[in-house]
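Number of protein chains: 2
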Amino acid sequence: MTNQHQKEQAPGRSWAPDPASALPLHRQISNYFMDKIRSGAWPPGMRLAPQRELCRQLGVNRSTVVTALGELSALGLIEGRRGGGTRVADLRAAAADGAVSYGDGVATSGSRAASYGNGMATSGDGAGTDILPVQPAGSWNSYVEEGVHYPNLPTVQDINRLEYEQGLIRLGTGEPSPGLLPGEAMTRVLAELSRQTLPPLSYEAPLGSLGLRRAVSSELAKNGIQADPDSILITSGALQGLQLIAVGLLPRGSTILLEKPSYLYSIHAFQSAGVKFNGLPMDEHGLLTDRLAREARRTKAAMLYSIPSFHNPTGILMDAQRRQKLMGVTGGLGLPILEDGAYQELWLDTPPPLPLKALDREGRVLHLGTLSKSASPGLRIGWIVGPEPVVRRLADIKMQTDYGASSLSQLAAARWLEGGYHEEHLQRLRARLRQRRDAALALLQRHFAGLAAWNVPAGGFYIWLALDKPVPLRTLFRAAHKAGLLLNTGDLYDRSDSRHLRLSYVYASPAELETGLPILAGLIRKLQRPGS
Amino acid sequence: MTNQHQKEQAPGRSWAPDPASALPLHRQISNYFMDKIRSGAWPPGMRLAPQRELCRQLGVNRSTVVTALGELSALGLIEGRRGGGTRVADLRAAAADGAVSYGDGVATSGSRAASYGNGMATSGDGAGTDILPVQPAGSWNSYVEEGVHYPNLPTVQDINRLEYEQGLIRLGTGEPSPGLLPGEAMTRVLAELSRQTLPPLSYEAPLGSLGLRRAVSSELAKNGIQADPDSILITSGALQGLQLIAVGLLPRGSTILLEKPSYLYSIHAFQSAGVKFNGLPMDEHGLLTDRLAREARRTKAAMLYSIPSFHNPTGILMDAQRRQKLMGVTGGLGLPILEDGAYQELWLDTPPPLPLKALDREGRVLHLGTLSKSASPGLRIGWIVGPEPVVRRLADIKMQTDYGASSLSQLAAARWLEGGYHEEHLQRLRARLRQRRDAALALLQRHFAGLAAWNVPAGGFYIWLALDKPVPLRTLFRAAHKAGLLLNTGDLYDRSDSRHLRLSYVYASPAELETGLPILAGLIRKLQRPGS
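Those protein sequence lines, which keep their order, are chains A and B.
First residue of the first sequence? That's 1 in full-length UniProt numbering, and the numbers climb one at a time after it.
First residue of the second sequence? That's 1 in full-length UniProt numbering, and the numbers climb one at a time after it.
It is worth saying that the hints were derived from the structure and are not from the lab.
Small disclaimer: the values here were computed from a predicted structure and weren't measured.
For every residue, glycine included, the Cβ atom is placed at its ideal position computed from N, Cα and C.
Stretch-level coverage of chain B by chain A, calculated; a stretch enters the list once three of its residues show a Cβ under 8 Å from a Cβ in chain A: (1) 35 to 44; (2) 224 to 231; (3) 266 to 272.
All chains, full assembly: derive it from the sequences and hints.
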């Protein structure tokens, strides 16, 4: 199983030619491509990746790719267009022309193949770094670019994809590295669950399993939040909670206030639901409240979104006084608050002040929590705490969306919390994150003094690196990728930003940071050099 | 654990007063309500359920409820309005008036309480059957009725809620009863997984875990579908697949063709994305293709949605000839097809013809599958098979929605398929469903001859009961609920229907059907009687 899992970390595609096979590599490739095209998995009009990219993905050299493509071209299965790259041919059109011996196998490789191979060599090397296939096409072609939902930001799409590319040092990833996750303890949980016959894994109640809601309720009480199981909705991670709130509670065209920069700018949950953002500044104690009332009235704000504890991406911890102030100002306005508590329990030095929800006596705060940042992202278990009518409305939408989170995950999560595994894991995790944070800070001191400033996070995952001079962040991202680094640039969290990077000490190991940070510093210096 | 699970089947709320406590029942109730109100879980303006409903839910008699409400009223925490029911008072407004001794406990119960109790007795019994709390209110009030997403149909909301009410015979539920689910085999899967240390439960690749995609690929091959792991996207159940397609592929305002009636009419995934439906008639061999081309052109249809095998709700099996015809007609139009294969493997007599996806060489068919109908709904594992560019687009949206299905569920599902558990379970399940189907048909013969006609399903879950004369279905639904039956009425699947019921032999046991079907027949006869 461990082996299997490691395979899943492999980049991109599930197939590569087998050097040990009797069949030549180019023939293996053309056979594979032919299957893809004939089965419709690669529909007519779909653009193939540039040759250099194909070589990289398939682990073969250029001449092998050229030969394979030549064979496919000879069969009329693909066609190269000057400047337009290589595309899957429209077989029906070609068949109607009588030009293709469709269905013959790959036995012949005539002159078209040769000339095609040459053509490819001059036109096939676009600037794209896409993994194959690149362009949707065929009868689904236009749809892939349509639909109501926004596609992810290009940088986010790149990050989602490149996270599965091996060998990259991921300097900003907001997820604990596999080594920090509790493989053994989770195995003990499963063993415990399998000691007696499992309950049938039916659909759970709309709010989620009562067992897990009770366990979450006890957990919340430790943080000063009194919420009984009827006020708790189990979600598939906190992200789904945001999604449900976006589509379920907010009318199209409404505005929410939020910290700027914010994690929320990097996802499309709210924008896709037609919700507008109005970002407010922070200082080292958290969101500044002085402009809040004015902005709330001006924009007729529907809600305030805040990450008071160990803010993403800045790491800022809102202090107790600011929390009181915030509750007062928003209380006067009757402004609902969405409190994202994802990092709350991940304090490193001392526990944070009480969450906003613990200060709420009016049912004005919705509070989000998750097991993804500590126990296991892959459990996909989060929760929303709020007034019963609100969580019931959200539960109704959740039932329409996916019929609830996995019952198996809910069983395991309840056991995880009740069995004390969570508390035990958190203690160990905090100690390890403290070491990692301190190591990261020492490296920054060594390599970024005079180049940037940064905060000392008291918890959570992030260091917000503020460069002394702006750099073109998209260029930096690309240069870093070439140098083997994956970055979370500041423009993900504030579109107009050109001076920040989100660094994380939870994914890359201290050794990787030791390799990666000096490289990053070098790239930044180069880009900041006048005339570069 | 089994105990805990059984408790979760309990209706509605997680709390009821304890008759063994020294505290009187009414005081337990008023304390509980007070906590709810003071914590904001029940926000100002929220309407409480009618007294009769409160009695039912809390398991107490009327005078207990009246006393408890009287105490709360005396404290100014709730207010009764003639005709408007009872609502949570706005504490801030009340406090400003100086009318409330907020924070005092429940020690006094003055004259207001008494008069309130009386007032309630005359006005508190609305027609609603809602479980408390009914009406959202407070600062979230308006939002609960807004948002982009449509709320579920009232009947669907009723069904979702009443499914957790104990003692109801669920005549139409489309999910295997807990007794048909593989509790023991699933426990063996978990035990197998916990035999060695689990891989860390990180986020999976956007398409889902490679291990599970490989297992699904092998499974699909048994049904004639050639799809390698790169063409497969793992979803949190087939419903999420529909959701992703609705928001990810179809432009707002586009039209899809589908069978009428159809399951798709009962969910809001597509309507919420602004997609219109154009329903086409069926005969006993499946969707009629004669009007298809004309309608597709007239409506500029973006897609055809079909459930060719054991259609929901009619149970119809599209025969091989009709499948060929359908592929031909839609091929000529270049019309993409969304094939819902949820019931495909649940044949009872002989395997169904090849799925449409197996006939597709152009990448024109998206195929949906799921483990929810056989292995376990609670695993929340389904898949979409289609052209790579399409599944990659959907994967991108999925990453934005919930970061993928539970890794633990994916691990278990892969083991379930690879370990042969699935095939073994299917064989047993088919034998048991055959018996249940035959028992249901015999009961229909006994109680519905001369009242309705029905099909003999060759697979799947459903019998489509066609009443000889129309009845007001919403009235029938309510009358049935009072008589202890939960119905899936035909209007869920075709808004204009007044003559059909979806019956299912997979949830209610043969004994329950034996009790429930004659009651249903009686109710129908009564409603059809002239002048009723």
